[in-house]
Structures are given as C-alpha cells and as structure tokens.
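*Asks:* Residues per chain, in single letters:
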Amino acid sequence: MKESSDISGQKWRDREDLSPRMDAAVKAITQSYDVLGGIHHIQGPKLPSRDDICALLREILSLLFPGYVTPAHELNQMNIDYFVGQRCSSIFDQLAREVEKSLRHECENSSHCDRPFGECYQTAIDVALGLLDAIPSLREVLHQDAHAAYRGDPAAKSITEVMLSYPSLIAVSAFRIAHFLQREGVPYIPRMMTEIIHGFTGIDIHPGACIGSSFFIDHGTGVVIGETTVIGNHVKIYQGVTLGALSIKKDLERPEVVMKRHPTIEKNVTIYAGATILGGETVVGEGSVIGGNVWLTHSIPPYTKVIIESPYQIFRDMKTGRQVEREHSRSRSADSGSA
Amino acid sequence: MKESSDISGQKWRDREDLSPRMDAAVKAITQSYDVLGGIHHIQGPKLPSRDDICALLREILSLLFPGYVTPAHELNQMNIDYFVGQRCSSIFDQLAREVEKSLRHECENSSHCDRPFGECYQTAIDVALGLLDAIPSLREVLHQDAHAAYRGDPAAKSITEVMLSYPSLIAVSAFRIAHFLQREGVPYIPRMMTEIIHGFTGIDIHPGACIGSSFFIDHGTGVVIGETTVIGNHVKIYQGVTLGALSIKKDLERPEVVMKRHPTIEKNVTIYAGATILGGETVVGEGSVIGGNVWLTHSIPPYTKVIIESPYQIFRDMKTGRQVEREHSRSRSADSGSA
Amino acid sequence: MKESSDISGQKWRDREDLSPRMDAAVKAITQSYDVLGGIHHIQGPKLPSRDDICALLREILSLLFPGYVTPAHELNQMNIDYFVGQRCSSIFDQLAREVEKSLRHECENSSHCDRPFGECYQTAIDVALGLLDAIPSLREVLHQDAHAAYRGDPAAKSITEVMLSYPSLIAVSAFRIAHFLQREGVPYIPRMMTEIIHGFTGIDIHPGACIGSSFFIDHGTGVVIGETTVIGNHVKIYQGVTLGALSIKKDLERPEVVMKRHPTIEKNVTIYAGATILGGETVVGEGSVIGGNVWLTHSIPPYTKVIIESPYQIFRDMKTGRQVEREHSRSRSADSGSA
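From first to last, the protein sequence lines stand for chains X, G and V.
According to this note's numbering, the first sequence is numbered sequentially starting from 457.
According to this note's numbering, the second sequence is numbered sequentially starting from 457.
According to this note's numbering, the third sequence is numbered sequentially starting from 457.
This is chain X alone, in the form it adopts within the complex (with noise of 0.2 angstroms):
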C-alpha cells in the first residue's frame, strides 16, 4: 500500500480506539467464510483466475494476428520464428496449468467425472498441444470472418481498418478458442473467455454455440447466441439480435446434460438489429431475411424474408397537440435494414 499523502491520513490510524472495532469486524467475516459455502474458495485444488485467463487470452489473439493485437512488436522474417517459438512455449505453459487446475477442481467437486485418477495431467498437455496445433486452421476461418466484416459493413474502409478496431473480429476470435476447449471437455476456461470479451465488446456467445465460417456482427451489442445454437456459413448479424430459448425449467439433477434449446440458422442468413429468434426446433433456412425487431418461435422456409409490419404509429403536431397521421411505419419502405 502506498504511503497515504492524506493530511488525515495518519489521524485514524492512531487512534486506539479503531483497533477492538477492526478487530471484531475480521472476526465475523472470518467466521462467515466457516458458515457459507460455495461463494469462496479456501483449501482445496486451485481455480484458473479471470486475470490469468485474460492474458492467456491475449497472448492466443497476438498468435492469431500477429502485428496487430499486441503492440511494440516490430515483426520481420529474421524474428519471426522466436516471435512465434516464445508465444507457443508460453502459451503452452500457461494453458496447460490452466486447463489441468480446472479439470481437478472438476474431477473432486463433481459427481459425474469418470476420468481416471491421474489423466487430468496428461490430458491437460495434450488440449495445451492441440490449441496449438489448430492454430493454422483457426487462422483460415478468422480470416474469412475478417473479409465477411470487410465486405459486409459499407463503413469499413480497409481489411487493416477491421483488424484494428472491429469488435466483432476480437468477440469471434475468442468465441472460437473457447469452442475448441469447450469441445476437449475443458471446464470453466471456455465460459471465462466468452464472458470476458462479453465485457468487452457486450457480444454474448456461449462456448458450445457452432458457428460456421465467415460469420460477421456488426456494432454487436446486446447480441446473445446461446448455448446450442448452431449457425450455418456466411450469417450476418446485428446489434441487439437474441438467438435464445424458450423458457424452460432446469433439470437440477442433472445440470450437465445439453438439451437443444436454441435455434438453427442455416447458411446466407442475415438477421438485423433487434431481432429475437427462439427455440431448440426453429431452424430459419438458407438464404433467409429475418427484418430489424422481428420475434420469430417457429421454422421458416429457405430464402423467406420476414419483415415485422410495425404496429400502428402515431403522428401528433405537439403546437396544436392533433393527431396528423396514423399508419404503419413499414407503408413507406419495403426495406428491412438496421445496420
């Protein structure tokens, strides 16, 4: 702790009175931690932090785009080969510790956990290998998903432009690490990624969502894609758009089991802003059209273009306070757009 600079910074800490009150309050919060159980973590196997996972996070993202996410880094074909040597070593290292922390926690917290004693080592070392050795392959479908922002958004002005600045790349790019440690059965890690750059873009997808490539969200928002939705290749999405479930009550015996809850979108879709689409047995077909605020629970055909016919608006002259106009919002546009 810094030295306090506070003119009555010294003051509070002589008095003696102070000591039997901090004293009592230690105490009690002390015994609460004996009291409650789940919300701290005292004893026991180690948890992966959200910081630790953060600069992992980071460090993956500079792998992926090198030159562009971390800053400083004058990259040229003479340091190239070091530049990538550190970054996996470290990578390595860090996931690997990581992943077989969780995998612990999990085996002597859960009931369901039918790894052999022991495994969580080795199977740690092979997901830390395995990210790496996808690395190419996740860089072939980022790439398509860069040009998708590109070619999809008439503000963007270059492909640099989306690398620098568009949330949608850095949101997706996560997403897709967290769904291949979601697929090697690593716990917690996954959801700790998405939520993080859920904070930092408020772009929602769930770790076990499937999305094809060449996947863009614009502004992004408010986006939600949950947990078993699965997206088809070239889907475009905006800001606000709910790819969600409809209510249904959870199975408390057996929370790991997945049902199908959220919809499919088949490939060529593009859902404007606002748009709610619900449930495990929706499947919205290729080349569909789903129109700005539209709230869609059931299956649509290939190449149907939903527009929502707005209800009625109101047009009143506040001088006089007379109603001038009343009518459908959409009778002067045909179009569908919100971006």
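Calculated pairs, SDA-like style, for lysine to any residue (alpha carbon to alpha carbon, straight line, at most 20 angstroms):
| no. | chain 1 | residue 1 | chain 2 | residue 2 |
| --- | --- | --- | --- | --- |
| 1 | V | LYS705 | X | ILE615 |
| 2 | G | LYS613 | X | CYS563 |
| 3 | V | LYS716 | V | VAL739 |
| 4 | X | LYS706 | G | ASN724 |
| 5 | X | LYS716 | X | GLU737 |
| 6 | G | LYS706 | V | GLY608 |
It is worth saying that the hints were derived from the structure and are not from the lab.
Could you slot chains G and V onto chain X? The hints should help.
*Replies:* For chains G and V alone, kept in the frame of chain X given last:
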C-alpha cells in the same frame, strides 16, 4: 515517457519552429481553464478518482469471494486470518480516505449540507468500519444471488462456473456495496462504483434502487434499473430489460429531492428480454411473468402473465416476391421466454 | 514469464517427447503466416496499437478535464502550467508518431492515396498541433454536453457526479476527439478511439458522424450512431437507440466513397429508449419527440410527437389460465418516456 524507437521520432523535437506553436497551445489551454468552470477541478477539496475506486471495489469483492476474484492467493486455514486482516486494513484505509474526500467536497460545494464542520472525518471512519461490519450479511445475500443464478440458468453447469464467470454476480455485488454506501449518505462513490461495473457488464443499476435477495440477471447487456426501483426477493430478469421512468421535468432548484419515478416489482416475478416497465406508480404483482418486449406503464395484479400479441409479420418468398403468410408471430407459441 | 508455483509445473517442461510436437506446431503456425495474408502484419510500415491509442486517449481526456480523469494530481494555480505543458508535450509526441504510422501505412497499402512522398511526416505534425490548438474549443462544447447531462437526467445530483461517473460524457468526448482526427484525414486512429470507448460504455458512435453541442445520451448501452448521421444542438437520446442505414449494397470497388446512409436529427429532439431511425434521407424535424421503440424510416416535420401504438397485449390470470384483458398498452398512458 519511453524513449522513442521511431526513425523520425527525433526529428520533430529538434525543429525550432514548433516551439512557439506549442507554447501558444499551452497558453490557450491554461486560459480556457479560467474561463470555463465546472468541467475541471483545480484547487479545492480533492475528489475520489475512478482508478482508485476501481481498485477499492476489486479489493472488497476479493473479501466477499475469497479465492475467486483475485489471482494467485493460495488460501488455506493457516493463512486465512492474515488474508482477512490485511484486506480489512487496506479497505478501511482506502475507503475512509475516499469517503472523507467525497464528503468534504460535497460540503464545500453544496448548499444543502447540514453536517457540522469536522464531522466528515468521523463519518468517513464510521462508514468504512460499517462496511466491514456489513460484509458477513452481504455475503449471505450474495450467496443466495449466486444460487439463484445457478438454479435459474439452464446453461450453468455448477456454482463454480457462476462464481468464475457470470456478469450478473459481479454487477449485483457491486450494486449491493454501492447501495450500502448510498444509504450511509456517501456522495459520488456509489454511482462511480455502479458505473464502473456498468462499463464491465453492460448492466446499469442505480445505487439508489432497493433489490431483494436471490436476484439474477441473465446475460444482462442493456439492463437499466432506475434510482427508485423496488424489487422483491426471487426476481429474475433478462438482457435489455428497462425498469425506468416516465418522462418528467427535473426540478433544477432541488436536484437532491428524490421522487419515486421507477416501478415496484414484487417477489417471484420473471421479466423476459427487452421488456420495458415504466413509472413510479407501476406495481408488478407477486409471481407475475412479463414476456419479452412487453411495454408496461400501469400496475398488474399478482400472478398475471403479460405477453405481447406481436404485430403481424409478413413472410415473403424471396424468389417469387410473393407474400406467403401474414400472421401474429405468437400464434404458434404460447410461450414468452427469451433466455 | 513468472516462475511457476505449480507442483506439476516443472514436469512437462522436462518431458522430452513434447519437444518435437511443439516444434511441429511452431513450424505450422509460421507457415500459415506465409499463406494467409491480411490478418497478420509482419514487415512493412508499422501500425498504431490499440494499447497505445488507449493510453493516448486517456491523456487527452485528462487535459480536457484536469483533476477529474486522472488520479492523484493535486492541481493548483502554482503547478497548473507545468501540468498542461507536460501533457501537451507528451500528447504531441505520441499523437504525431501514431498519425505518421497510420498515414504511411495507408499510403503504401491503398490505391487512392494522393499525398506526395514525405508529406506524411509534415501532416502528422500539423494534425498533432492542430488537436492541441482545438482543445479550448473542444472544452467549450464538452462543457455544454456536461451541463446537458446534468439538466437532462433527474437522477443527476450535481455536475461533479456527471464529471466523475457518466458514460455519456466519456463517449461523447472521445467521439469529438476522434471526429476532429477523422476530418483531418487520419486513417485508423479515429475508429480505434471510438471502438475503445464503445467497449467501455456500450455506446457506438462512428467518428464520421456530425453532432451538435449540448448532446446527452442517458444510460447509453446499445446506442448506435452511424457514419453519416447529422445531429443538431440540444438533442437527447436514451439507451438502445439506433440511428442507422437501410440495407444497401457496398461498392467494394470504391470503399472510400461515403454516401449519406444515416438520418438527420434536427435540434431539440428527444429520442426515447430502443427507437430505431433509419435511412440517409430521413429527417426528424426540430423539437420532435420520438417515443420508445418507435421504428421510423421516413421524415417527419418539426414539432411532431411519434409514439408507437403498442400491439395488443394479453393479460392472463396464471391460476385460472383465463385471459383477463386484451388491450393496447398505451391506452392508460399518453406518455412515451423511458428513462
């Protein structure tokens, strides 16, 4: 400032013609501080800084959830007393100092302060100790909030996952800390805390709101809960929900007077994504369910389910251009979920 | 990399069978950089980094609002000149360097650059000095923005509270800085600045937009203001408002050409939460009020109030399952607020 590694870095510092232009800019900026009041803070009582409040909030969270929030602590029964003692001492010093600054600043700038001179110092100590005393009871409520998240989200696999990654828990924890300080009459700091977390999570809860136990916000981005909102126990809300005010004129003569402008939500209510509930006299009765996108400005009795009868939606075959259907989107679904 | 404190940390580094697997992964990643262009940046002119732009933006904000943004400065009439001089010098160095990098990169990568060789250097100096020269006038506009926030929000207790915690002020300040740089023809950096702040606040304002004085965004999460939007003085908007484009095809041959795609909002307009206003020819006349959730794609005359005549909502008694009411949700309220 770090040494520039730029080839051209040195060049402009040597150019003599830049110096008078820079001097003129500096002088004009300094003068503008004399002319425009209110948006700078030179001389006068010091203010809490956002960075310091952010660090303080993080320390308080690490005391609420030891082993989860902060990294690298290997907590066990041996060292837990030292951890709690060190944290309490550190939080006390920081909080007392920031509260004293806030109170002093308000006293010297506000016409409606009725504290006698010198009381700021004693009040700051009492507030800081009071928060430490309140930690055990805050932990009890947050324990219930965490379990409400686990029970309420089909995607939650364990309490550990909730503790490590759910934005709702961070937002609600920060709100409960801020609300405690708000009730103690601390200016500035409560709102700074909730806005820091608004930035992290997209969840905007005013520290003046009153929120019962077992509260869960799923996804959360875009949620707004206004200053005079009252929420009972066991309430669940989803992303994009606004609990807001009907438009009113502000009384600029008495900005400190708080009128009830925001709704009351009774216990066991669920409010799905995008719903808007407005007005200080609006009461949503116990056990009610508010469907996605509902717009409500009047009270409803207990155990009422409100769903929006969605506007007609037009389904058009994109190849033929023919309209194939026009229907209420709700007609195939009785449900109102949007998880 | 810090020393591992993990029991198992040393184990995997000693295992000889890992080395060839790691080497293979490193080689494959390096090769993928040769194959996939565009999403990495090795060799060639350097680019601004997000971290550096973030630090620079913070310094500029501390010059705009001395004593509020940065911590631990004890500013007074004695030291204020030194503070301003040091900040100006630091901002000048950083900004000139970043602008030069951006200009050079664009020159070498774009077919439509018409700057003669060597001009990047001089332009960077002029832009950096130009921003410092513009600080006093930026402060005048932001002074009005701060007061608009105080007057416009019934929850705001003082200007100090606005200065210390309101996301609107941060977002609008960053936008005004970015807009200055955008008009000076600086590539990349303006959008990086607004996207950094989009991440912090959930407010997404394109640096190309033109926004008048006394502008206030309440709550803000989910707001999108597109590239060619024009906004007059004294406009207030709420969370989730989109000022966007109708869907158009991008001209990939000429990505630098900017068409007016987004609406014009005349002075003294209020736009409530969740409203969507689209299209480059859409003009919202002076003094109009746009209610929550309105969807507007055509112009309206001055002093018009538009409210959505909400769809019928169904109120059902959950115990009997009987429908108890079916009504327009607006029928009991003439108002359109959503604060």
